[in-house]
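Chains as they are written, first to last, in this note's numbering: chain A, 131 to 720; chain B, 196 to 308; chain C, 20 to 333.
Calculated from the structure, these hints are not laboratory results. C-beta: ideal position from N, C-alpha, C; glycine also.
Sample of chain B residues at the chain A side, in silico, Cβ under 7 Å: (1) 218; (2) 237; (3) 240; (4) 262; (5) 269; (6) 280; (7) 284.
Chain C regions said to be covered by chain B (calculated; three or more residues, Cβ under 8 Å): (8) 36-44; (9) 47-54; (10) 58-66; (11) 71-84; (12) 88-97; (13) 120-134; (14) 168-182.
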Amino acid sequence: MLPPAPALVTTAGGFLLVLSIVVPVAGVLLAFALGERYVRQVASTVVPVGLAIAVAVLVLLPRSDGHLVYLLGAWPPPLGVALRADGLSAVMLATTAVVICAVAIFAATDFRPQSVEARAPFAFWILLLAIWGALNTIFVAGDLFTLYVALELLTFAAVPLVSLDGRAETLRAALRYLLFALLGSVLYLMGTALLYGIYGTLDIELLSHRVSADSGVLIAAALMTTGLLAKTALFPLHLWLPPAHAGAPAAASAILSALVVKGSFFILVRLWFDVMPGLPGLAAAQLLAALGTGAIVFGSVVALRQERLKLLIAYSTLAQIGYLFLMFPLAFGASGKLESDQALAGGLLQAVSHATAKAAMFMAVGSIYTGLGHDRITGLRGVARALPLSVLAFAVGGIALMGVQPSGASLAKELLLQDTARTGQWWWAVVLQAGGMFTTAYVVLVLSHAFAPSDQPITLIGPAPLSRDLAALALALCSLFLGLLPWDSYLPVPYDATSKLFGIDALSKLLLPVLGGAALAILLSPWPHPLGSSAAWKALMRVVGPLRRGCLGFGSLIERGDEVLRQWSAAGISLLLVSLLLAASMFAAN
Amino acid sequence: MSAVTVFGLCAAAAVGLGLYGLIANPQPLRKIIAFNLLGSGVFLLFGIVGRRGAAAGFGNDPVPQALVITGVVVAFSATALAIALLLRLFQIAGSTTLNSRAAASPRSDPSGH
Amino acid sequence: MNIATVFEIALAAVVLGLAIWTIAVPDTYSATVGFIAYGLLVALIWVRLDAVDVALTEAAIGGGLGGVVLLGAAARLRDTEAMTTEGPSLIVRLSAAILSASIAAALAVTILLLPDPAPTLAPSVVANAGATGMTNPVTNVLMAFRGMDTMLEKVVLLLAIVGVWSLASDQAWGGRPGPRHQADPNGVLAFLARLLPPAGIVVGIYILWTGADHPGGAFQGGAVLASMWLLVIMAGLVDTPPVRSRWLRLILVGGPGLFLAVGLGGLCFGAAFLAYPVAFAKPLILSIEVAMLLTIATTLGLLLAGAPERSAER
Numbered sequence: 131m132l133p134p135a136p137a138l139v140t141t142a143g144g145f146l147l148v149l150s151i152v153v154p155v156a157g158v159l160l161a162f163a164l165g166e167r168y169v170r171q172v173a174s175t176v177v178p179v180g181l182a183i184a185v186a187v188l189v190l191l192p193r194s195d196g197h198l199v200y201l202l203g204a205w206p207p208p209l210g211v212a213l214r215a216d217g218l219s220a221v222m223l224a225t226t227a228v229v230i231c232a233v234a235i236f237a238a239t240d241f242r243p244q245s246v247e248a249r250a251p252f253a254f255w256i257l258l259l260a261i262w263g264a265l266n267t268i269f270v271a272g273d274l275f276t277l278y279v280a281l282e283l284l285t286f287a288a289v290p291l292v293s294l295d296g297r298a299e300t301l302r303a304a305l306r307y308l309l310f311a312l313l314g315s316v317l318y319l320m321g322t323a324l325l326y327g328i329y330g331t332l333d334i335e336l337l338s339h340r341v342s343a344d345s346g347v348l349i350a351a352a353l354m355t356t357g358l359l360a361k362t363a364l365f366p367l368h369l370w371l372p373p374a375h376a377g378a379p380a381a382a383s384a385i386l387s388a389l390v391v392k393g394s395f396f397i398l399v400r401l402w403f404d405v406m407p408g409l410p411g412l413a414a415a416q417l418l419a420a421l422g423t424g425a426i427v428f429g430s431v432v433a434l435r436q437e438r439l440k441l442l443i444a445y446s447t448l449a450q451i452g453y454l455f456l457m458f459p460l461a462f463g464a465s466g467k468l469e470s471d472q473a474l475a476g477g478l479l480q481a482v483s484h485a486t487a488k489a490a491m492f493m494a495v496g497s498i499y500t501g502l503g504h505d506r507i508t509g510l511r512g513v514a515r516a517l518p519l520s521v522l523a524f525a526v527g528g529i530a531l532m533g534v535q536p537s538g539a540s541l542a543k544e545l546l547l548q549d550t551a552r553t554g555q556w557w558w559a560v561v562l563q564a565g566g567m568f569t570t571a572y573v574v575l576v577l578s579h580a581f582a583p584s585d586q587p588i589t590l591i592g593p594a595p596l597s598r599d600l601a602a603l604a605l606a607l608c609s610l611f612l613g614l615l616p617w618d619s620y621l622p623v624p625y626d627a628t629s630k631l632f633g634i635d636a637l638s639k640l641l642l643p644v645l646g647g648a649a650l651a652i653l654l655s656p657w658p659h660p661l662g663s664s665a666a667w668k669a670l671m672r673v674v675g676p677l678r679r680g681c682l683g684f685g686s687l688i689e690r691g692d693e694v695l696r697q698w699s700a701a702g703i704s705l706l707l708v709s710l711l712l713a714a715s716m717f718a719a720n
Numbered sequence: 196m197s198a199v200t201v202f203g204l205c206a207a208a209a210v211g212l213g214l215y216g217l218i219a220n221p222q223p224l225r226k227i228i229a230f231n232l233l234g235s236g237v238f239l240l241f242g243i244v245g246r247r248g249a250a251a252g253f254g255n256d257p258v259p260q261a262l263v264i265t266g267v268v269v270a271f272s273a274t275a276l277a278i279a280l281l282l283r284l285f286q287i288a289g290s291t292t293l294n295s296r297a298a299a300s301p302r303s304d305p306s307g308h
Numbered sequence: 020m021n022i023a024t025v026f027e028i029a030l031a032a033v034v035l036g037l038a039i040w041t042i043a044v045p046d047t048y049s050a051t052v053g054f055i056a057y058g059l060l061v062a063l064i065w066v067r068l069d070a071v072d073v074a075l076t077e078a079a080i081g082g083g084l085g086g087v088v089l090l091g092a093a094a095r096l097r098d099t100e101a102m103t104t105e106g107p108s109l110i111v112r113l114s115a116a117i118l119s120a121s122i123a124a125a126l127a128v129t130i131l132l133l134p135d136p137a138p139t140l141a142p143s144v145v146a147n148a149g150a151t152g153m154t155n156p157v158t159n160v161l162m163a164f165r166g167m168d169t170m171l172e173k174v175v176l177l178l179a180i181v182g183v184w185s186l187a188s189d190q191a192w193g194g195r196p197g198p199r200h201q202a203d204p205n206g207v208l209a210f211l212a213r214l215l216p217p218a219g220i221v222v223g224i225y226i227l228w229t230g231a232d233h234p235g236g237a238f239q240g241g242a243v244l245a246s247m248w249l250l251v252i253m254a255g256l257v258d259t260p261p262v263r264s265r266w267l268r269l270i271l272v273g274g275p276g277l278f279l280a281v282g283l284g285g286l287c288f289g290a291a292f293l294a295y296p297v298a299f300a301k302p303l304i305l306s307i308e309v310a311m312l313l314t315i316a317t318t319l320g321l322l323l324a325g326a327p328e329r330s331a332e333r
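Hey, can you work out the whole structure from these sequences and the hints?
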């Protein structure tokens with residue numbers, strides 16, 4: 131979180147923040163000007179430089195008292211715009227750089243500049259660099275309007291990636307994404323206008339000192355929160371995400387799921403924790419977490435019912451986004467004031483783990499798709515033998531996401547669970563465990579199909595370049611070992627949290643989610659199972675038959691509900707309802 | 196009834212109308228028009244805020260004006276991108292509906308159990 | 020209740036009436052026309068609010084070019100829009116109406132309850148105007164105090180171009196956007212396309228030049244230049260340029276590129292990124308604005324022209 135002393139002076143090393151924005155932007159301009167033949171080379175030059183800058187920020191931050199500041203144009207706020215980086219920014223800058231590096235290596239073979247199909251590589255590499263620049267701006271900008279421009283930049287860069295292959299469904303998904311995202315940005319802008327009208331500044335640091343529980347401020351907070359929820363695709367505003375993420379090319383889906391949705395989430399965290407610390411109140415936070423729970427249930431159940439692997443992962447992104455929002459009520463204490471930093475650390479850690487693991491999973495699925503020619507889950511038999519590295523990458527990513535120690539997800543879950551005990555909000559502990567079980571469920575489902583032996587050997591129809599799978603595997607391993615990194619210099623993580631990750635105690639905590647997940651996978655997935663013909667399976671089915679039928683019925687009900695909610699008018703009405711409910715709960719708490 | 200009150204209420208009404216149009220109109224082109232209406236309402240909101248901040252010899256605070264100019268350009272490019280997507284969709288699919296049944300449920304029914 | 024207030028109330032009423040009509044009318048083409056009229060009247064509202072720079076931008080880009088792009092789409096989609104019979108049910112429309120009205124009401128109440136005296140940054144903008152030597156405060160804010168936002172917005176424009184171009188089919192990649200327009204060489208359109216552009220170009224450049232001290236600037240001037248270019252294209256006098264043209268791409272990148280270069284110069288040799296040395300501030304800013312003018316004019320024109328549709332050989 132931002133330091134208490136007003137930081138209105140440029141610090142040494144603050145120029146790194148400028149470079150983190152300027153380098154990708156310069157890459158975009160250069161790539162555009164140089165043309166189709168040199169796009170990939172420009173990108174391959176920019177990626178290492180950007181990575182170096184992110185590492186430099188990480189190294190410099192603890193030596194700079196935990197924050198870096200840069201005044202653009204040497205104009206101090208409120209007149210000018212300041213760039214500020216604290217631990218959260220540094221962590222997100224580094225995560226973005228690492229994921230983009232891995233995706234760039236993965237996509238290098240897919241989007242090679244050629245004379246015949248020059249359109250897709252040209253667009254892809256420029257959009258990738260633009261997304262990077264936009265995200266870096268979001269992580270370091272200290273002004274609400276600069277954040278708005280960065281948000282629009284992010285949307286404009288993400289939308290064409292969805293429709294890159296030019297088919298009708300992806301065009302439709304892209305248009306839906308664009309329109310809903312624009313609705314979100316306009317709501318955000320409305321809140322910004324109100325805040326300027328009340329306080330005369332849009333600087334985050336200055337606002338945090340001046341803001342109070344005015345009725346206008348609460349309405350602005352409700353509008354901005356709703357707009358950002360629409361861009362983050364939190365249930366019930368998720369209509370655009372599954373078709374968009376499933377229809378994009380694999381490298382693009384990885385970026386969209388891992389990074390793009392985290393941008394608006396980060397702004398929301400800044401809003402709730404830095405611009406108006408704790409002002410929205412515990413009731414509104416509970417509402418956010420309730421919506422998150424809805425996301426976990428709907429996303430996971432519908433994911434388990436999917437036939438195609440890419441759609442399963444897209445729906446699982448929905449569930450993981452819901453998981454992120456559980457941190458909000460846990461940060462509030464019993465008094466209704468913002469108390470705990472630990473929940474903030476847990477939420478950010480979960481975001482970082484999800485970013486790395488999900489990108490790895492999408493990349494692995496991309497390899498499988500190019501290898502097999504399809505991504506039907508039931509047709510995955512024997513793929514573990516045919517494409518071992520891709521399946522390994524998927525497995526490691528899935529395990530990391532499940533919360534196996536020492537992954538980042540397990541550390542995040544530990545931090546959040548500690549906060550549920552501290553604040554007495556036991557119901558969120560139930561949701562956290564359920565979320566872990568659901569994640570296990572779909573990972574187990576896919577892996578059981580992939581590892582099942584097939585009758586005939588699988589013939590691969592496409593090339594399997596090693597670099598793609600290695601990039602995915604490296605990213606997945608990052609996610610798996612995230613819990614071991616020294617987080618306490620950057621995030622408010624208690625010093626001894628990492629040591630609790632190992633030991634018998636930790637392993638026993640793992641047993642419940644794994645067993646529960648396996649049970650959920652059996653009960654909720656309607657597709658034929660690879661073990662379906664064995665005698666043990668048939669015996670099991672006789673025992674749990676009626677229960678399974680009931681669960682499948684429940685599942686189809688949820689799926690139908692999801693289809694209704696993904697109609698434009700239903701989503702629009704949900705949007706308006708969410709904003710009014712948020713406003714009401716904020717007023718009630720103040 | 197000052198200019199600020201009159202145009203402020205006008206801005207709020209434009210926002211409400213834009214929201215309604217964006218949600219209730221099924222055709223994407225009408226949604227885009229409603230989005231522009233919504234955007235112009237929000238920009239008018241900035242204008243009201245700027246008018247109330249008139250000082251130092253200027254009738255309107257320059258900072259919200261600059262923000263609105265940036266916003267208008269961004270809104271225009273958003274409209275242009277959306278319309279390009281819409282026209283390409285029409286070119287390929289022959290219709291422009293967003294809620295097509297074929298696109299809403301990409302999964303086929305499971306074989307019987 | 021003096022005459023000014025009566026005028027304002029009448030203006031607001033007409034604007035709201037147009038807005039309601041735009042949303043409610045069944046035919047899309049009429050809605051587009053209504054929106055263009057709405058945009059032009061909103062520009063009048065901006066003049067009443069003493070924000071002439073914004074009025075110029077709204078008239079040129081918001082209502083003007085925005086209206087043109089909507090009109091073009093409405094014309095191309097005319098037949099399909101008439102065929103669409105699906106519409107949301109009464110319940111949906113009613114709930115949407117009630118909820119939108121509640122949000123509008125909350126917004127109205129907040130506007131009425133804004134604090135008095137209102138906080139403002141106008142005095143500090145005026146106090147710091149000496150740094151750039153220009154007296155138009157809006158230009159100062161756009162180019163100096165909040166230069167980062169303007170530069171990022173240029174990149175947003177470029178990305179919109181990349182997005183629009185990426186919608187081309189693979190065969191048409193690199194080709195010319197939009198259809199080849201034909202117009203009667205003796206008709207009104209061709210006549211206007213020969214008559215207006217010379218005057219329009221002078222007006223556009225003038226708006227840029229005078230933006231330093233009076234209302235105006237690169238965006239408004241660029242919009243005027245773009246509309247002159249589009250007029251000439253629509254009359255069939257010139258064809259759209261092929262998107263793979265190196266010159267075109269350099270012009271599109273020129274505005275943000277120069278801005279970035281000057282900013283980096285400030286980072287390496289000056290006080291800070293995007294800080295201008297006081298001695299050279301005005302010439303530097305004006306040169307950036309000239310580059311921006313060309314970039315904005317080309318970008319706005321190309322955004323309207325659409326995705327490449329014809330390969331460049333023909």
